[in-house]
Structures are given as C-alpha cells and as structure tokens.
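Can you build the whole structure from these sequences, using the hints too?
Next come the chains, spelled out residue by residue.
Number of protein chains: 2
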Amino acid sequence: MQTQHTMRSFDDELKYLADQIAAMGGYAERMVAESIEALIQSDAGLARKVVADDVFLDEKEREIGERSVIIIGRRQPVADDLREIVGAIRISSDLERIGDLGKNIAKRVVAVTEGRQPMRLFRGLEALADLALTQLKEVLDVYASRSIERIGFVRDRDEEIDAMYTSLFRELLTYMMEDPRNITACTHLLFCAKNIERIGDHATNIAETVHHIVTGRQLPLERPKEDESHRVVATPAK
Amino acid sequence: MQTQHTMRSFDDELKYLADQIAAMGGYAERMVAESIEALIQSDAGLARKVVADDVFLDEKEREIGERSVIIIGRRQPVADDLREIVGAIRISSDLERIGDLGKNIAKRVVAVTEGRQPMRLFRGLEALADLALTQLKEVLDVYASRSIERIGFVRDRDEEIDAMYTSLFRELLTYMMEDPRNITACTHLLFCAKNIERIGDHATNIAETVHHIVTGRQLPLERPKEDESHRVVATPAK
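As they're listed, the protein sequences go chains U and F. Everything in the first sequence is counted per the numbering used here, starting at 1 for the first residue and increasing by one. Everything in the second sequence is counted per the numbering used here, starting at 1 for the first residue and increasing by one.
Hints are computed from structural coordinates only; laboratory data are not their basis. Hints are supplied without guarantee of correctness; some may be wrong.
Which copy is meant is left open, so a pair is good if it fits within one copy or across any two.
[To be verified] The calculated DSBU-like cross-link candidates involving lysine-lysine, where the alpha carbons are at most 35 Å apart (straight line), are: (1) K60 <-> K49; (2) K15 <-> K49; (3) K137 <-> K15; (4) K60 <-> K137.
Encoded structure:
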C-alpha cells in the first residue's frame, strides 16, 4: 500500500515534469522571438546565440523522456497519471522541435543579410511570427491551467496562421519575379515563414495533447483546414 | 504471479506493436516513393491518392499510442520492455511525420506541373529521394532485426543526404535566376527537396531510437554535421 509520503512524492514527480515542460516552453518562446528579432535587425550575434541555445531544449527533452520512463517503471501509474506522463513526453518533443525551427530561422540570418534587404519583405514575416508566438503562449497557459475550453480558439488561430502564411508565400514569390536579386533572400524568408507556420502546428499539437491528458479523449483527427501554399502559382509580369 | 499464458500474451502484445510499426514503415515508404513518382510524371491522380492515403498513418499512430498506454497500464513493464513500448510510440510518430512529408510533396504536384517543367530540375530531386528511401528501408530493417551495428552507416548516409540537399538548393536557386518563369516550380521543388531531407532526419531518429531500445543508452546528441543550405547565397548572372 502506498503511504501518504509516497503519494506526495509521486505528486512531486509529476509537478517536476510539469515544471520542466513550463521551463522548456518559456525557453522555446524566447528562442523563436529572438530568431525573428535577429532576422529583422540583421543581428548575426543574436542569431549565433539562438543557434547555441538550442542544445538546452535537446537536453531537456532527453531528460524528460528518461525521467518519465523511470517514473512509469517505479510508480506504475494508471489512467490520468499515465496520460499525464506520456503527454509530457509528447509535449517536450513538440517544444524541442519548436526550438529547432527557431534555430533554423536564426541560421538563415547571414544569408538573408548578404542579399538585398527590402524591409517590406519582413513585415509579413513579423506579423506571422507574432501570431505564432501568441499561439505558443496561449497553449503553454492551457497546459499550465488545464483550461481546455480555450482549445477551440487555438485551432481557429492555427487556421489564421495558415492563411497568413499562404498569402506571404504568394507575396515572396512576387518579389522574386520582380527582381532576381531578391531571389536568395526571399527563398530563405520563404523557409523562415514555413518554419513559423510549423511552430503554429506544433503549438496546436500541444493543445491537443493537453485535451487528451485532461479528458482521456482524442480530438477528431482532421483539423478544419490546412495551409494552401502548395497551390500557389505566380507568373512573371511579362 | 504471472502465468506462462500471461507471459506469452505480453510477448504477443509487444509483437503486435512491432508488427504495426513494420506496417506503418512499409506504408510510409510507399507513400514517399509514390509522391516522387507523381511529381516526376506530373501524375495528379497518383498525387491525390498519396494525399488520401495519409490518414492511415495518422490513425495507426494514434492506435499505437493508445495501445501502448493500455499495455503499460496493464502490464507494468520495466527496463527493456518499457523502452520497447516507449520506443514504439516515438517511432510511430516519426513514421507518421514521414507520411506527412510525402503528402506535402504530393500536394505540390499540381503547382509544379502548371509552371514550366524542365526535366533537368527533377534529376537532383530523384537522386535525393532515392537516397532517403534507401535510408528509410535500412532503418526499418535495423528496427526489425535489431542489428544496431548498422547505425553508424545510417548516420553517415544522413550526412550524404544533407550534402546533396545543399547542392540541390543551390542548383534550384540558379534556375530561378536564369528565368523568372522557373520561379514557381523551383520554389515548390525546393520545399519538396527540404521534405526529402527531413525524411532522412526522421529515418535517423528512428535508428537512434532503436539504439536506445536495444542498449538502454542514448547516442551523443550532436550529429556529425547538418545541412548547409541555410548559408547558400546565389547572385544573378548580371
């Protein structure tokens, strides 16, 4: 039989996992924000910092994975508690991936800076990043507070991100056609935009995992809509 | 105490998981091969089939996740068995993602076909896809056979994929600069190339997970090299 002490200690272990996820979340959020800042300010130093920072999330993901397996082995949790732990593994993997995407944006800063830097190119990207960061903050709140009634809102915002990404995709293609000297920078910016769109997807995954942790039920597989950028065809003016 | 029957039945459950992973692997492999074929042959029908097929992997991933949690809850496995089950969750998630990447390639078929289709554009992509598919087949074999001595080879091939992707990135940028009418098709092909490069990464993840299942140890975090496409800067001829 479990003693009161063991019970409290198991709760502590679950709390430890949740705290680590919260730490990863805050860290990933900062990395993404800094990668966008580095891009817009052409700040190669800040970009290098973001690239270096990424190892923290890689290590934390591993730590959470190993710790979770130890907890499962030692505590033999069932139902809610087990979902909580498996959910922590999943969420840490989404957050690690968000860090990778931020790192990938940061790595393109130098190539974008070497080409031309028409400031108008960055405007759409900045708006897209703002939306994705709001999304990420929101799902981290949902995880911390377990207020799953906000998940519908998260899915709606993901659609908004997808639509904005598709229009940015079209815009960047147009700039490339206007002037071949824009091609290098715009191509890297297209990949940055795609990375931001993916950050929105991972944030949405996190929301869905929280829903599963709390309710034990999966949300329907098909999300309402996806980005439509794969359909975009632009033709040169003449 | 566990009876002989229960023991055998637990083995059956583990075998069931491994069989599901093998089925997912074969399915993902076929999706990727067909997406490349659809792209090169401009086969919109085959592309639609690949897009529709993806739901199978989504459902299988969920099924493996749910089944794993039930097995853990009921069997309370430790050490090797627990690593095996948590490994199955991870691998199913990599395979589901590989299917997504194949689907994403297939979705671009129509946009690539509408623009110009210089066949030379596809050559590099085909070679890259061949390498990634060989990689995927290899890691599925490593999973089935647990022959982890082949993992070094898998990591080496991942470097080769990254190098080939970087050179393809540069080549596609050059085509865009040569003729703005290539821009739409080449942009979509750049994303296809990136998807293939990511398929190689996920295959490598799977190899690393198998290493962990078999040995209980993680491989060092830093992989030898990463793709260098983020550095590529191309300038128009005049």
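Now for the hints, and whether the structure bears them out:
1. Only within a single protomer do K60 and K49 lie at most 35 Å apart by alpha-carbon distance; the minimum there is 18 Å, versus 39 Å between protomers.
2. In this assembly of identical chains, K15 and K49 lie within 35 Å of each other by CA distance solely inside one copy; the values are 30 Å within and 45 Å between copies.
3. In this assembly of identical chains, the alpha carbons of K137 and K15 lie at most 35 Å apart only when taken from the same copy (20 Å versus 40 Å across copies).
4. For a Cα distance limit of 35 Å, the shortest separation of K60 from K137 qualifies both inside one copy, at 19 Å, and across copies, at 30 Å.
Checked against the numbered hints listed earlier, the structure breaks none of them; every hint is satisfied.
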